[in-house]
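Chain A is already provided as a structure; the job is to place chain B on it using the hints.
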Amino acid sequence: MSLITSTSPHASVKNNTGAFMRQVIYATLPGLAVLTWQFGWGTVINVLWAVVVALICEGLFLKARGRNVAFYLKDYSAVLTAVLLGLALPPTAPWWLTLVGVGFAIIVAKQLYGGLGMNPFNPAMVGYVLLLISFPVAMTQWIAPGEAPGFVQSLQLFAGQLPVDGLSGATPLDTFRTWAGNETELASHGILHGDLAGQGWEWVNLAFLLGGLYLISRKIITWHIPAGFLAGLAAPALIAWLIDPVRFADPLFHLLSGGAMLGAFFIATDPVSAATSRMGRLVYALLIGVLIWVIRSFGGYPDAVAFSVLLLNLSAPFIDYYTQPRTYGHSKPNRGTAGGGKS
Amino acid sequence: MIRTFFRSRTPKVFDFHGGIHPPEMKHLSNGTEIAPGPLPAQLILPLNMHIGAPAKPLVEPGDRVLKGQMIAEPAGAVSAAIHAPTSGTVSAIGPRPIQHPSGMDAICIVIDTDGRDEWIAHSGISDYTERSPGELVDTIRYAGIAGMGGAGFPTSIKVNLGDHQRVEELVINAVECEPYITADDRLMRERADEIITGIHILQYLLNPRRTLIGIEDNKPEAIKAIKRACKGCDIEIRVVPTKYPSGGEKQLIQLVTGKEVKSGQLPAHVGVVCQNVGTAYAIKRAVINGEPLIQRVTTLTGDGVSQPGNYEVLIGTPVSDLLHHGGVDAGKIGRLVMGGPMMGFTLHSPTVPMVKTTNCIIAASPEELPEPPPEQPCIRCGSCAEVCPANLLPQQLYWHAKNDDLEKAQHHNLMDCIECGACAYVCPSHIPLVQYYRYAKGAVRQQAADQLKADKARQRFEARQARIDAEKAEKEARRQARLEANRKKKEASAAPTVDTAALKQASLEASKAYKAAVKAAKAADAEGAANAAELKAEADRLKEIADKAKAAVRDAGSAAPAAVPAEDVVAKLKKQVGDASSAYKAAVKAAKEAEANGDDSAAALRAQADELKASADKLKAELRDAKAGAPAAAPTAAQADPVSDLKKQVGEASSAYKAAVKTAKEAEENGADNAAELRSKADELKAAADQLKAELRDAKANAPAAVPVQAPTAPPADPLTELKKKVGEVSAAYKAAVKAAKEAEENGAGNAAELRAEADTLKADADHWKAELRDAKAAAPAVAKAPPVPTDQPKMPEASAPQALTQPLTAVDPEAAAKRQKRLKGLKTAYNMAHKQYKEAHAALERAERKEEVSADELIEMQRKVDKLKNKADVARDALDALIEEAKADIRAHTGKDLKTLKLEAARAESALADKKLELDKLASSSGEDALEALNSELKALEAEAQIARKALKQALEEQGLVE
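Residue numbers (UniProt numbering), protein chains in the order written: chain A, 1 to 343; chain B, 1 to 964.
Taking beta-carbon pairs under 8 Å as the criterion, some of the chain B residues facing chain A (in silico): (1) E371; (2) C381; (3) P389; (4) L392; (5) H412; (6) D416.
DSS-like mimics (lysine-lysine), calculated; alpha carbons at most 30 Å apart, straight line: (7) K14(A) to K441(B); (8) K441(B) to K332(A); (9) K402(B) to K74(A); (10) K332(A) to K259(B); (11) K888(B) to K490(B); (12) K575(B) to K512(B).
Derived contacts from chain A toward chain B, CB cut-off under 8 Å, selection only: (13) L3; (14) P9; (15) N15; (16) F20; (17) D75; (18) G115; (19) G117; (20) T276; (21) S277; (22) P325; (23) R326; (24) T337.
Don't read these hints as lab results, they were simulated from the structure.
Note that beta-carbon positions come from the ideal geometry of N, C-alpha and C, so glycine has one too.
Chain A with its partners taken away, still in its complex shape (with noise of 0.2 Å):
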């Protein structure tokens, strides 16, 4: 009789890493559709060709670091990268925009760190903000809401066979911050002035909430990141409308515009590049909530998703040594890194 023999605890759950992953792309579909149904097929193409793409460099730099590919494959967490960032794209995004991006993406911020779990930074927003510099009109040209177009221009766009200037349109949150003070101006542009927010964007960010209740909901994350996110972005967002609304734009326009349901629940989540306890999640997301608002508001960008959840990866070390639970047993949390505080 040949019996197995290993340490305790000798069941598990029947889920895995993968299964993880997987839950994280059904919760965006949703938000795809929207998008897709506001801005046309060019987000479907983005996101199917990225997912191309790092599952290509993936399978590659898996097998020149030596390691199992097909097992690695199945974790679907470059697959997961690919759909966020192709999610994030522009639908006018040529090919090799994707290319470059997610290229990028899964080489150099993620295998280059060590594969899944060791990169310190968001492999998609890496990403993002590389192409967002590099090509700064590229990605800034979104198509107006209402005017999609067909699967052919798409695919037109995808191959860069047809000039984008003649669908591109600011986005809400481009346009406000062109106007912002202006009152007769901001007051005069359609696109601000949706059903609840932005034109079209108000759906698509409704679309990832949607997406992302799914996922706390299967416990797949947890509410502290999205909360923390929501709430860093809608409170100074609430204080600054109340005291110039026409300056601010008000918290609801925040919430439902640009990448702030995707970042709060899709972005900022991942766990291994956010702060891991929940209080230092909290933090985490209460911060890239602000630092969106403050970069939103004052900057050069008209949105800040990526810039601020990079930024606050950079942090997440160490707020996670200042926000340890307290542990069964000790009266309060130790803080600090170790010696840092005792001895």
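Below, chain B alone, put in the same frame as chain A:
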């Protein structure tokens, strides 16, 4: 009011952080009643089924044992007894594989059962309340009861907290939170009454303020049974929500009391004692039924078993027997777990025995408990942190443990992990987290042990260094002290050295002069010169001078050390002495020259020299007195004063007495009334006078004792002996008379006064003789140095010197010397032994310091011992030194020379002899026969002298036992 209503209906159950809800799998085994287990052919009973020291076997292979017979007794406080679970024969006591995760063997008692299941005589205690708690604790201890929940901590310790520890809550753990296990569940359903009795015994022992039973809400039947059984008693039932690990001791305490046990502390610190429900049952069986812990209810479950259920198995039953009993298809088993799936151990082989803590055997198919999936990278999802009951950050612990960053792992409270496995259970990456924590904990413990070891080594090193430094410092201090002493001595004798050197020089010159004179005399004699006799006389005189000079040198030498507090007077005297000596020397030289030249002025010069010498001697004497007086001034004064004072007092008292007597007599004659009074007063005065006289006598007796020491510098002639004898006789007579007088006085005898008078006469007599003796002694040297017959001349030194040297030595009390010698020898041996012991202890300490296993305490102990031995050796050496000093002093006292002088004299004599020999050799070829002869005789004399010196030295040494 509403709140109180709710509180009374649903007692508050607290919550703990985290926890998981794995599939319970309890339905597999909780449907059937507890069935008897198999009676295996062989029982294997490990000696360490409990936490603590392994039990001590009481049987030997071949012994027949009865069911319930104690076969191993507890070894120490934290230990438990072991009993034979059935009757049979002990077939072996030796290593057998047990359920330890390492797969290590352990010492087991193996019993071949005989199938008769024959009980040993046993009886229970029907009313335990009549017994003292101590008695019951002993019963529990000797029933071998150890925590049945899993840890196996000897129960007797947990129920014997002592009076100082107040137990607030007794918590009975009936949670049974691990999946699969239903042993406690069935036990509660079927034997609730016995469990409650066991709890009552615990209550009796611990006297808790509250007793709480915690049961998970997935055992409704058990809850019902317990509720029924404890109806009307002061036991509260707390139904806790099903959640793993609610049954963890700390978790349950938090659930039912809201208290947290501080990290690193025991529940007792917060006034809680936690006992497993199975333990309560075992306590009941032991106390009421008199049955030791020889069987327990164990769940046999898993889909590899055809008849899963609960079995009452004998402790020591091999797992394979139970599997067989439960209808296990061996081919179907993929994993065999002893304990629950969360915290149990997988078994390497089913031959291992079930022990007191074995609550479950899971024979699982590979599908049921599959091989763990391969480990994936940690994505820090935090699921583990969500379920950790200790509220740790398992993902961080894992990270630090994996990186061997033990410091950070500890900072994240690694040691508070209870290894419940909840984190590993939920980990989506299937990381065996508990294994990492166990590894890290082990490393931390190892590190702590290493640290302790290093600390100990450091302590040891520091202690050793301190000791070595102390030794060095002590040595250095001793060296310094010696240097200081030497320096002081030198300083003290710096001035005297001039003096001593001068004296020595003088002495040497005097000797030379004497020798020259002798030579001259001899030559004159040979020539038949008229002045030969004169010359001889002169030579003798010179000899005397030389002797005196020598004595002066000696005195200076011996006086020098005493002159430490050298005063100005002394210094001045020294200078004067020096001056006088040099003047004298110059005079001597001049005289010698004159003599050599046959000048007339020789005699005049000589006389002058003598005068100078006398003055020098006087000065020397003064100096000596001054020196002796400086340090000894106080004692001598103290000694002298009482005597004169006493004399004075005696005189006064006597005259007072006489006056009183006179007045009394007059009064009597006049028939005065106060005559009697006066008489009594007179008597009183007499008594006072007598007392003073006695005191004076004593003082006198003490005082002269010091005098004779300096007296015998010259050889006593016959008259001296006679005088001595006489003095002795008279003294004895005097003493006797005094005694008689005293007695008479005491008795109030009439002749007291008469006797006293007689004594006084005798005393005067004795004093007279003593004075005469003293004079005679003073005169003796001159007598001894009577001009000898010329022919005897070469022999002269031989004849006189030995006398001079040996005489005082013979005066040494041989008995005292022998005694001292003996003591010296004894002390030497003692010192040698002590020193050897010290050296040995020291070496042992050095060795121990290099060994790691020796604790600091032991080292300190050894250090203490070494110090003690060293002290002993030092004391012995000091005593020895003191005795040697004493002996030296005695030599000095008896020979008038200290050991050094004796040695010096011996050496000088030898060198003089050698010189003379050389001279003789030189002269042999050139000189005439007469000169040769003279030289020869001189040589002989010197030889004799040298021999004498040698002998004296040797004798002195031997006398005092200083010969090594």
